[in-house]
Amino acid sequence: IEPPVRPSNKPLRLPLQDVYKISGIGTVPVGRVETGTIVPGMVVTFAPANVTTEVKSVEMHHQQLKEGVPGDNVGFNVKNVSVKEVRRGNVAGDSKNDPPAGAASFTAQVIVLNHPGQVGAGYAPVLDCHTAHIACKFAELQEKIDRRTGKSVESAPKFIKSGDAAIVKMIPSKPMCVESFTDYPPLGRFAVR
31 IEPPVRPSNK PLRLPLQDVY KISGIGTVPV GRVETGTIVP GMVVTFAPAN
81 VTTEVKSVEM HHQQLKEGVP GDNVGFNVKN VSVKEVRRGN VAGDSKNDPP
131 AGAASFTAQV IVLNHPGQVG AGYAPVLDCH TAHIACKFAE LQEKIDRRTG
181 KSVESAPKFI KSGDAAIVKM IPSKPMCVES FTDYPPLGRF AVR
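Residue numbering for the sequence shown follows the working numbering, beginning at 31 and increasing consecutively.
I should point out that these hints are in silico values taken from the structure, not numbers from a laboratory. Worth double-checking, as some hints may not be accurate.
In the DSS-like style, the derived pairs of lysine-lysine whose C-alpha atoms are separated by at most 25 Å in a straight line are [claimed, not checked]:
#: 1; residue 1: 114; residue 2: 51
#: 2; residue 1: 181; residue 2: 199
#: 3; residue 1: 167; residue 2: 204
#: 4; residue 1: 191; residue 2: 181
#: 5; residue 1: 191; residue 2: 174
Please put together the full structure from these sequences, using the hints given.
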């Protein structure tokens, strides 16, 4: 049996919960390390803001850390970035190791839990994925699938309703950082309300 890959071995993904401006220190993004590690001196890229900068320090509960690991809620001080350039919902990653990027569209498996009536192409609810909160359009219902087996039961359905599962092409109202569930589970799950 292969031992489980600890998410600390994966590239860094750190969705921002908040960004603070602290006098005398500067800009301090805050969030939970989902995968990988963050260390002082690392050059990070924020997506979809497309801002790259060096991490000056990492801390948790007012203690300086040598590294932040998955599960840690950390604040990290970054060089030459204004508090206006990055925001909640952005994702920080290692600029040299599979950095995160914004997606203009993505394909998702959707299960309709309890929605009155039917859902068709053009439906544009607000989607919550990691810390991002953004309107996304169901651009194309590609296929209806059996939610237990994943097998296709209908190609290009006109509508889906409660209890249905489908593969849907989604277009966010502005680029957002999503990942495949296989690679980065916390960034590959979302809820629609």
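Next item on the list: For the pair supplied as a hint, residue 191 and residue 181, confirm whether the alpha-carbon distance does not exceed 25 Å.
Entry: holds (17 Å)
Margin query: With the threshold set at 25 Å, check whether the alpha-carbon distance from residue 181 to residue 199 stays at or below it.
Written below: holds (17 Å)
Check: Are the Cα positions of residue 167 and residue 204 separated by 25 Å at most?
Finding: holds (11 Å)
Next item on the list: Sort out whether residue 174 lies within 25 Å of residue 191, counting only the CA atoms.
Entry: holds (10 Å)
Check: Holds or violated: residue 114 with residue 51, Cα cutoff 25 Å?
Finding: Roughly 10 Å separates the two Cα atoms, so the pair holds.
Violated hints are absent here; each numbered hint is respected by the structure.
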